[in-house]
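Q: Spelled out, the chains give:
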Amino acid sequence: MTTTAVPAQARAAVTAQRDGFAGTGALVRLALRRDRIVATLWVLLFVVMAAGSASASAELFPTVESRVRAATAINDAPATLALYGRVFDPTSLGAVSLIKLGAFGAALVALVSIFMVVRHTRAEEESGRLELIGSAVVGRYATLSAALLLSVATSLALALLTALALIGSGLPAAGALAFGLAWAGAGIAFAAVGALAAQVTESARTANGIGAAVLAAAYLLRAAGDASGVDTSTWLSWLSPIGWAQQVRPFAGDRWWVLTYLLVFAVLVAVAAYALVARRDHGAGLLAQRPGPERAARRLSSPLALALRLHRGSLTGWLVGMALGGLIVGSIASQIGEIADNDQFRDMITKLGGQRGLTDAFLSAEMAIIGVIVAAYGISATLRLRAEETGGRAEPLLATGVGRLRWAASHLTVALVGSALLAAVLGLFAGFAHGAAVDDFGQIGRVLVAALVQLPAVWVLVGITVAVFGLAPGLVLAGWAALVVFLLLGQFGEILNLPAGLMDLSPFSHTPRLPGGDLTLTPLVVLTAIAAVLMVAGLAGFRRRDLSTS
Amino acid sequence: MTTAISVSGLVKTFGQTRALDGLDLTVRTGEVHGFLGPNGSGKSTTIRVLLGLLRADAGEVRLLGGDPWADATSLHRRLAYVPGDVSLWPNLSGGEVIDLLGRLRGGLNQTRRDELLERFDLDPTKKGRTYSKGNRQKVALVAALSSDVELLVLDEPTSGLDPLMESVFQECVTEERERGRTVLLSSHILAEVETLCERVSIIRLGRTVETGTLAELRHLTRTSIAAELAGPPTGLAEHPGVHDLKIDGNQARFDVDTQQLDAVLRELTRVGVRSLTSQPPTLEELFLRHYEGDLAGNGRHAAGVRS
Numbered sequence: 001m002t003t004t005a006v007p008a009q010a011r012a013a014v015t016a017q018r019d020g021f022a023g024t025g026a027l028v029r030l031a032l033r034r035d036r037i038v039a040t041l042w043v044l045l046f047v048v049m050a051a052g053s054a055s056a057s058a059e060l061f062p063t064v065e066s067r068v069r070a071a072t073a074i075n076d077a078p079a080t081l082a083l084y085g086r087v088f089d090p091t092s093l094g095a096v097s098l099i100k101l102g103a104f105g106a107a108l109v110a111l112v113s114i115f116m117v118v119r120h121t122r123a124e125e126e127s128g129r130l131e132l133i134g135s136a137v138v139g140r141y142a143t144l145s146a147a148l149l150l151s152v153a154t155s156l157a158l159a160l161l162t163a164l165a166l167i168g169s170g171l172p173a174a175g176a177l178a179f180g181l182a183w184a185g186a187g188i189a190f191a192a193v194g195a196l197a198a199q200v201t202e203s204a205r206t207a208n209g210i211g212a213a214v215l216a217a218a219y220l221l222r223a224a225g226d227a228s229g230v231d232t233s234t235w236l237s238w239l240s241p242i243g244w245a246q247q248v249r250p251f252a253g254d255r256w257w258v259l260t261y262l263l264v265f266a267v268l269v270a271v272a273a274y275a276l277v278a279r280r281d282h283g284a285g286l287l288a289q290r291p292g293p294e295r296a297a298r299r300l301s302s303p304l305a306l307a308l309r310l311h312r313g314s315l316t317g318w319l320v321g322m323a324l325g326g327l328i329v330g331s332i333a334s335q336i337g338e339i340a341d342n343d344q345f346r347d348m349i350t351k352l353g354g355q356r357g358l359t360d361a362f363l364s365a366e367m368a369i370i371g372v373i374v375a376a377y378g379i380s381a382t383l384r385l386r387a388e389e390t391g392g393r394a395e396p397l398l399a400t401g402v403g404r405l406r407w408a409a410s411h412l413t414v415a416l417v418g419s420a421l422l423a424a425v426l427g428l429f430a431g432f433a434h435g436a437a438v439d440d441f442g443q444i445g446r447v448l449v450a451a452l453v454q455l456p457a458v459w460v461l462v463g464i465t466v467a468v469f470g471l472a473p474g475l476v477l478a479g480w481a482a483l484v485v486f487l488l489l490g491q492f493g494e495i496l497n498l499p500a501g502l503m504d505l506s507p508f509s510h511t512p513r514l515p516g517g518d519l520t521l522t523p524l525v526v527l528t529a530i531a532a533v534l535m536v537a538g539l540a541g542f543r544r545r546d547l548s549t550s
Numbered sequence: 001m002t003t004a005i006s007v008s009g010l011v012k013t014f015g016q017t018r019a020l021d022g023l024d025l026t027v028r029t030g031e032v033h034g035f036l037g038p039n040g041s042g043k044s045t046t047i048r049v050l051l052g053l054l055r056a057d058a059g060e061v062r063l064l065g066g067d068p069w070a071d072a073t074s075l076h077r078r079l080a081y082v083p084g085d086v087s088l089w090p091n092l093s094g095g096e097v098i099d100l101l102g103r104l105r106g107g108l109n110q111t112r113r114d115e116l117l118e119r120f121d122l123d124p125t126k127k128g129r130t131y132s133k134g135n136r137q138k139v140a141l142v143a144a145l146s147s148d149v150e151l152l153v154l155d156e157p158t159s160g161l162d163p164l165m166e167s168v169f170q171e172c173v174t175e176e177r178e179r180g181r182t183v184l185l186s187s188h189i190l191a192e193v194e195t196l197c198e199r200v201s202i203i204r205l206g207r208t209v210e211t212g213t214l215a216e217l218r219h220l221t222r223t224s225i226a227a228e229l230a231g232p233p234t235g236l237a238e239h240p241g242v243h244d245l246k247i248d249g250n251q252a253r254f255d256v257d258t259q260q261l262d263a264v265l266r267e268l269t270r271v272g273v274r275s276l277t278s279q280p281p282t283l284e285e286l287f288l289r290h291y292e293g294d295l296a297g298n299g300r301h302a303a304g305v306r307s
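Residue numbers (the UniProt record's numbering), protein chains in the order written: chain A, 1 to 550; chain B, 1 to 307.
Since the hints were made in silico from the structure, they are not lab data.
It cannot be assumed that every hint is accurate.
No farther apart than 20 Å at their CA atoms in a straight line, the calculated lysine to aspartate or glutamate pairs in the EDC-like style are these [stated by the list, open to error]:
no., chain 1, residue 1, chain 2, residue 2
1, B, Lys133, B, Glu176
2, B, Lys133, A, Asp281
3, B, Lys127, A, Glu59
4, B, Lys246, B, Glu267
5, B, Lys133, B, Glu150
6, B, Lys133, B, Glu60
7, A, Lys100, A, Asp254
8, B, Lys126, B, Glu115
9, A, Lys100, A, Glu494
10, B, Lys127, A, Glu294
11, B, Lys133, A, Glu131
12, B, Lys126, A, Glu59
13, B, Lys133, B, Glu118
14, B, Lys133, B, Asp148
15, A, Lys100, A, Glu131
16, B, Lys126, A, Asp281
17, B, Lys126, B, Glu171
18, B, Lys246, B, Glu228
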């Protein structure tokens, strides 16, 4: 008996292991079908960004001297080291021209990977669709495996296409491949992080948040490490997967072996995710669900109160992020003065946009970036309207005494006031950190105003989103598309010599460059008026149209 | 008797699909009205037009004396709605949702709320994402039934409930009827409609095919008879009102057009009746009779229609 039972048990165990992956192939095909357009678009977006940056810089830095000058300017300033990282070979065209896309691009690839994995695992499970699939011949590990395979494949395709595009722009093949693989490595590492986050919590939104927080921590670690090391990056950067992606050093030695750090990290994190999948119930997470109140608080009695409740978590997270970001921006700004004896850097930062003083130039450049980030919040908060509508949660509300305008206004108010709060918090914290460092608290007001003048442009994007929501709800992602287009116009418009009329389309191009520039009210008033018109048009359209139902 | 809902010639199209094609519906004040039809026949679309969530393309629609599109907000304070597929906010507890919806309708009867929670055996402290389909439906039902409103619009409210909860639901609707409230009950569960509803409307392919009291509708269809006679039955086979006749010695089983019942019974008593059982037509038979003919056609037509 026992002699035959043991191999039978072992065989059963092996079969069970293999069965756990049953259906993975079919799920990969399903995921490819669902993501074929979105995934293609974002891969192309990254490829175009890399190729555009590379070919533009080839004209900007034709000689070794010009490259060394630019690289020294970056390597000598803690602010740019924190933001972009170090140029490891100042003479290399590839290393200099792609510095802005190295760590920063890797972080963006990582963010997309997290969202992709969560979208195909926890979001499916939360929506209940996975239950139907799970009842078919689909193993316990199949969903997770399919999501991971999809993001690994997408990352590798991204690496290959980026490398080809960079080679096409005239950069050396080995460096181009190293650059692509460093991006892919970050994508794969954070796909595993997303997979783990998806096991920990029951909510896809929270899983995305956890993944993004881990990514932010990784980016901050390398920022701190890179900024503090004068000649070489310190150990802090080596604690961060984004730091590893940088340490591959594309076009500056192509250290392929660092890629194994990313791979080992990805495998270890993924194994943890698989271990959790095998141990938990369908629909459950590690963090247990706490019971809620038996009765609603007295103030939960209006659409606005409900909207505040629904946005509370994400707005709090954003506010904390803005406060931290403000402290970082403010304290880096004060260091700019210390390295002001570097002429090249002074030249560069002055050229970059400021009129007076290096610090002001740095702060106003940062504020422009903050404007885009706050606009991203505004768009996502506004899109909550559409999510509530298609999720069937607007229907019961609109069947009560709540009119459509009042309901739409509730989420819109959170988007508008929330974005104002974010800008204000960032301005206050940046102003405070800067003021404390230079012992002049008069700076708080200047920096605060610089942050607040971004708002009219932010609201234009909220307005575009509302207009599309009301008038063409099927195209609701146009809000994000507009932000990406405006961002690209701002980043590459000047380098690509686009006509001024085209670049003026971006609301951000009309925002006064503060601190340091002139505070002109006209563009702010005009932008606010445009935003108001867009919102009124969107709300009027929403009043007239059918509610989308599931 | 006044009218709570009156719809005539209602048309609603989604792109190429004609979801409602001249639908008529009249619900009298104070009645429980059954709204029947197969999947995709347009029940939910009709209800969404009545709630002003969708705009009618053509036809006349009146709800509680107002226009459901133009006067949506003021009308909604006087009604409560339970959707067929209840979605809740994942991080709000059931109790919070009940209170919120009640307050937005203009008030909630706290005693009734607590009583209903008890009767439906619902834990109000659980978060939205942890409720099952049936429990999500209970949340919407408790919110609707504890509101002081004139009209209840219930779209397949019991599709996720177990038989025990189903009977609690029937008790509750009966109580609402006794309080003089009007109920529009869309349902698949014919026994439920038979128990609760005075009048029913049956729709098919976006059009009303039958409407009236259950008695009236029964009158239009057949009664099943099983009789043991004193001798061999004669004259039945030739009778125009008799269908599916089966004769076994002195026993006869057949269906009879309800209008011809009297004449056929005379034929039986002529021979002499030893025992007789008669079964009135069930709603199910009524319902199937309308659909059997075009099940295939319905499937084709209804593809892409929102249910």
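Q: Now tell me if each hint is right for this structure.
A: Verification of the hints:
no. : hint                  : result
1   : Lys133(B) x Glu176(B) : 24 Å, violated
2   : Lys133(B) x Asp281(A) : 18 Å, holds
3   : Lys127(B) x Glu59(A)  : 58 Å, violated
4   : Lys246(B) x Glu267(B) : 16 Å, holds
5   : Lys133(B) x Glu150(B) : 27 Å, violated
6   : Lys133(B) x Glu60(B)  : 35 Å, violated
7   : Lys100(A) x Asp254(A) : 18 Å, holds
8   : Lys126(B) x Glu115(B) : 18 Å, holds
9   : Lys100(A) x Glu494(A) : 16 Å, holds
10  : Lys127(B) x Glu294(A) : 10 Å, holds
11  : Lys133(B) x Glu131(A) : 13 Å, holds
12  : Lys126(B) x Glu59(A)  : 62 Å, violated
13  : Lys133(B) x Glu118(B) : 18 Å, holds
14  : Lys133(B) x Asp148(B) : 25 Å, violated
15  : Lys100(A) x Glu131(A) : 43 Å, violated
16  : Lys126(B) x Asp281(A) : 18 Å, holds
17  : Lys126(B) x Glu171(B) : 25 Å, violated
18  : Lys246(B) x Glu228(B) : 12 Å, holds
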